[in-house]
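> Modelling step: build the complete structure from the supplied sequences, incorporating the hints.
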Amino acid sequence: MRLRELAQRLGCRLEGDGEIEIHSLAGIEQAGPGQLTFLANPRYAHKVKATRASAILIREPVAGLACLVSDNPYLDFARALALFYQPPRPAPGIHPSAVIAPSAVLGPNASVGPLVVIGEKVRIGANAVLYPQVTIYEGVEIGDDFLAHAGVVVREFCRIGHRVTLQNHVVIGGDGFGFAKDAAGRHHKIVQSGIVVIEDDVEIQSLSSVDRATMGETRIRRGARIDSLVQIGHACEVGEDSILCGQVGLAGSTTLKNNVLLAGQVGVAGHVTIHENAVVYAQSGIGQDVPAGAVVSGSPAFDMKAWRRAVTAFPKLGDLMRQVRQLERRLAELESARQESSLGQ
Amino acid sequence: MRLRELAQRLGCRLEGDGEIEIHSLAGIEQAGPGQLTFLANPRYAHKVKATRASAILIREPVAGLACLVSDNPYLDFARALALFYQPPRPAPGIHPSAVIAPSAVLGPNASVGPLVVIGEKVRIGANAVLYPQVTIYEGVEIGDDFLAHAGVVVREFCRIGHRVTLQNHVVIGGDGFGFAKDAAGRHHKIVQSGIVVIEDDVEIQSLSSVDRATMGETRIRRGARIDSLVQIGHACEVGEDSILCGQVGLAGSTTLKNNVLLAGQVGVAGHVTIHENAVVYAQSGIGQDVPAGAVVSGSPAFDMKAWRRAVTAFPKLGDLMRQVRQLERRLAELESARQESSLGQ
Amino acid sequence: MRLRELAQRLGCRLEGDGEIEIHSLAGIEQAGPGQLTFLANPRYAHKVKATRASAILIREPVAGLACLVSDNPYLDFARALALFYQPPRPAPGIHPSAVIAPSAVLGPNASVGPLVVIGEKVRIGANAVLYPQVTIYEGVEIGDDFLAHAGVVVREFCRIGHRVTLQNHVVIGGDGFGFAKDAAGRHHKIVQSGIVVIEDDVEIQSLSSVDRATMGETRIRRGARIDSLVQIGHACEVGEDSILCGQVGLAGSTTLKNNVLLAGQVGVAGHVTIHENAVVYAQSGIGQDVPAGAVVSGSPAFDMKAWRRAVTAFPKLGDLMRQVRQLERRLAELESARQESSLGQ
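Taken in order, these protein sequences are the chains called A, B and C. Take the first sequence: its position 228, counting from 1, is numbered 227 in numbering that gives the first Met the number 0, and each next residue is one higher. Take the second sequence: its position 261, counting from 1, is numbered 260 in numbering that gives the first Met the number 0, and each next residue is one higher. Take the third sequence: its position 36, counting from 1, is numbered 35 in numbering that gives the first Met the number 0, and each next residue is one higher.
Please keep in mind that the hints were generated in silico from the structure rather than gathered at the bench. Beta carbons: idealized from backbone N, C-alpha and C, even for Gly. Some hints could be false.
[What the hints assert, rightly or not] The calculated label-pair distances, taken between Cβ atoms and stated as ranges, are:
hint: 1; chain 1: C; residue 1: M303; chain 2: A; residue 2: H45; range: 44 to 52 Å
hint: 2; chain 1: A; residue 1: F83; chain 2: B; residue 2: P107; range: 54 to 62 Å
hint: 3; chain 1: B; residue 1: S340; chain 2: C; residue 2: R328; range: 18 to 26 Å
hint: 4; chain 1: A; residue 1: E119; chain 2: B; residue 2: A100; range: 26 to 34 Å
hint: 5; chain 1: A; residue 1: R12; chain 2: C; residue 2: D181; range: 15 to 23 Å
hint: 6; chain 1: C; residue 1: R328; chain 2: B; residue 2: Q338; range: 42 to 50 Å
hint: 7; chain 1: C; residue 1: P290; chain 2: A; residue 2: E119; range: 55 to 63 Å
hint: 8; chain 1: A; residue 1: F83; chain 2: C; residue 2: E119; range: 15 to 23 Å
hint: 9; chain 1: A; residue 1: E4; chain 2: C; residue 2: M303; range: 49 to 57 Å
hint: 10; chain 1: A; residue 1: R328; chain 2: C; residue 2: V61; range: 49 to 57 Å
hint: 11; chain 1: B; residue 1: R58; chain 2: A; residue 2: R328; range: 53 to 61 Å
hint: 12; chain 1: B; residue 1: P107; chain 2: C; residue 2: R1; range: 27 to 35 Å
hint: 13; chain 1: A; residue 1: R1; chain 2: C; residue 2: A182; range: 24 to 32 Å
[Stated by the list, open to error] Straight-line C-alpha distance at most 27 Å; calculated BS3-like pairs for lysine-lysine:
hint: 14; chain 1: B; residue 1: K256; chain 2: B; residue 2: K304
hint: 15; chain 1: A; residue 1: K304; chain 2: C; residue 2: K304
hint: 16; chain 1: A; residue 1: K180; chain 2: B; residue 2: K304
hint: 17; chain 1: A; residue 1: K315; chain 2: B; residue 2: K304
hint: 18; chain 1: A; residue 1: K256; chain 2: A; residue 2: K304
hint: 19; chain 1: C; residue 1: K256; chain 2: C; residue 2: K180
hint: 20; chain 1: B; residue 1: K46; chain 2: A; residue 2: K188
Given below as C-alpha cells:
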C-alpha cells in the first residue's frame, strides 16, 4: 500500500513522499525499508534518527523521514496494523461434530467449530465465532460478535455482552472458593448460587478464570481488559476500561472502580475497593482501599514515590544496621566521657 | 420458605416472627425484604442495625430483627443457601459422543457428558458426573460421587477418592518438572514415574495443576481445598483440611501438614515442611520449615507480628537512612568538639 | 534387573555385589531393599549411611554399600529410571472421532487420539503423539517427535521444532495483550499479527501460555524448559537451555539469553534483557537488565548476597527505627549539654 493511501485511510497528515510502498509494519528498532514504524513514547525519540523504516507515525514531523502525523500514533499504528493483517476467521456454519442442545438459540452468521458443546436454553447473538472444543453450559446468554477460542468454558447461567473475546481456555463462572468450617474443623462447601456478568467490549486472555458469586454476581464492566492466568474471585467487580495484567489475583468481593490499572502479579485481598484511575505496580499486594488516582507499589502497597525511596534504601539495610550499632557505641562513649567529665568537675 | 420451616430444617432456635416468607439469601449489606442474612464475623456486628434483611442467622439474638440463633452462623448460612439453590445436575446417562474404552468400568448412576474421553482400565465409582470434554487417561481409579467439570484432565494411573470435585480445566497428574543436566549444560528429562493420589472430600478450583511424582506419589489429603491457578509440584503432600488460596505455588517434595492455610500467591520452596495449623499470609515466600501453629508473612516469611512492625516501618526507610546520616554528622561534630576540648584542656 | 546389568547399561563402574536384584528406584530416604538410590548433592552425603537402599549411584564409592560410580549421578539416575518406567504411549493410528482438515499433512507413525482437531494446511512431522482434545489451528508447522497432551492448543501459523513436548492445556500462540487508548480512554485491540516459534527440545508444563507477537515472533529457543502456569508475553525471547519455574511471568518484549534460571513466581517487566547464566531467586521482580552470571533476588531484585543481608536485617526494622529515635534523643541531650557547658564557660 502506498503511504499516501495509508495516510488517507488513517486520516493522518502526510509529510514526505506519498509514493513510498509500505508492505508491513515493525517496531522502531526492527523496521527496515518498505516498513512503517511509529513513535508513541517520547522516551524513544532518540531512536528516530537511527530507524531504517521507510516511514513513521509520529506526533511532530521530522526531517529526512516520510511521516504520517497523528495525534495518537500508537492508536493509528494499531489501526494501520489491522489494514495489513487480519487473523483468519472461520466461515459461518455449524460443524457436524458440534453438540448443540435443541433448546439453544444461535443468532445469524454463527461459526461453530468442531466438537463445540452448547447446553440447553443457551442464547447467543449474531456473528458468534466458537472455535473447537468450546463448552457453553446451560442457560448462558451471550450478545453479538462473541469470539471464543478453543477450550473456552462458560458455566451455567452466566451472562455475556456484545463484542466479548475470550482467548483459549478461559473459564467464566467456575465455582467461587467458599467453605464454612464445622466444629470438627472440616470444611463444608458453600454452594455458589450466583453468576458472572461480563459487559460489552471485554477481552480476557488465555487461561484466566472469573469465578461465579456465592450469591448475586461477579461483574466485569464494559471495556475491561484482562490478561492471561488472572484469577478473579467470587463477587468481585472490575470497573470499566480497567486493565489487569498477567497473573493478577483478586480475592473475593473486591471492587475495582473504572480505569484501574493492575500490573503483573498484583494480589488484592478480599472486600477491598480500588478507586478510579488508581495504578498498582507489579507484584504489589493490596490489603486496604486505594484512593482514586493513587499510584502505589509494594507488598503491602503504599505511595509509589515513597516506595521508590524505600526500595532504593533497602539493599543498604544490612549496612545501615551496622552503622546504627556503631553510632550507638560512639554515642555511649561520648555519654560516658561526659559523665566522667561531669564527675571530674 | 417461611422462617419457621427454615429454623426447623437448620435446627436453629427461632426468635421473632416465624411466618416471615424468605425467598432468598444475601450478604448483610446487600440483603433486602424477604431475604435472610447472617453475622459470622463480630467485626461486622455494627452492620446488623442497618441491614434491610427480614431475618438474620446470628450467635446472639438482637432486638427488632427476626433471628435464627446458631452456634455457627456461617455454616448454617451455607446450609440454608443449599436449600434455596442447587446447581443443575446433568441426568444420568452416557452421551453417544463420549469415547469410552471397552475396559473402563463406570459405577451406577453415572452421567457422562458429550465428548468425554475415558481411557483403558479406568474405574470410576457410583454417581459420577463428567461434564463435556473431560479426559481421563488410562488406568485411573476414582471413587464415588466424582464431579469433574468441563476440561478436567486426570492423567494415567492417578487415584482419586470419594466425593472429589474438580472445577474446569484442572490437571491432575501432569508431569513433574524434573531435568538432569549433562556436561554440555543440556537438560535431560527425568521420566515422571509416580502418580497423584487425591483422598476423599477434596475440591480443586479451576485451572489448577497437581503434578505427578518422579517416583512414588504426590498426595492431597482428605478434605483439602485448593483454589484456582494453584501449582502443586511433584511429590508434594498437602495435609488434611488444608486450604490453598488462589495462585499458590508449591515446588517439589514440599509437605504441608494438616489444617495449614496458605493465602493467595504464596510460594513455597522445595523440600520444606509447613506444620499443623500454620497460617501463611498472602504473597509470602516460604524457604524453610514453618513450625506448627505459626503465623508468618513476608518474602522470605517470618513471624507475622514482627512482619507487621517491619512493613509499618518500611515506607519510612528512605527517611531513616537520611536521619542516620544526620546523626552520624552530628555525632562526628560532638566527637571533634570533645577532642578539641580535650586538647584545649 | 541385576546391578551388574544396570552398571553396563548406564556405563558406570560397579563397586560391590553385581548380583543384587534391583526392582525399582527411590530417593535416599525413601529407598528400601531391592531399590537403587543416588547421591548428587553433597549436602545430603550424611544420609548415605542411613539409607536402606541396596545400591547407590554416587561420585565416590562408599564402603558397605553397592555402588555405581558415576561422574553425574543425577543424570545417570534419570537414565536408570527410564529403564524401569516408560510412560504409556498410545499406538499409532488416527482415532475416527478426530477432525482433521483435508489439507493437513501428518508424518509417519502418528498417533492422533479421540476428538483431536487439526486445521487446514497444518504440517506435522514423524512420530507425533496427540492425546485427546488437542487442537491445532490452521497453518501450524511442527517437527518430528511432537508430544501434545490432552487439551493442548497451538494457534494459527505458529512453528514448533523437533522433540517438543507440551503438557496438558498448554496454549501456544494466544493473542498478546496489546491495546491502544483513544482520547476517550477506551482501549482498542491491537491485532496480534505475529507468531510463536518454539525450537527443538523444548518442554512446557501444564497450563502455561506463550503469547504470539504483535509483529514478528515470540521465540522459545532450543532446550528451554518451562514449568506450569507460566505466562510468556508477546515478542519475548527465551534463551537456550533456560529454565523457568512455576508461575513465572514475562511481560512483553523481554529477552532471556541462554541458560537463564528463573525460580518460581518471578516476574519480569517488559523490554528487559536477562543475560547468560543469570539466576533469579523465587518471587523476585526484574525491572531492569540483569548482567550475565548475576545472581539476584528481591522485588525489585538486586545482588543476592546483599539481598540476604537486607532480608536478615528486615525483621528487625521496627526495632531499628525505635533505636534510631532513642539515639536521636540521646544525641540531642548531649548536644544541649554541650551547648550549656559552652554557655557556662
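> If you test the structure against every hint from before, which numbers come out violated?
Numbers 1, 6, 12, 19, in rising order.
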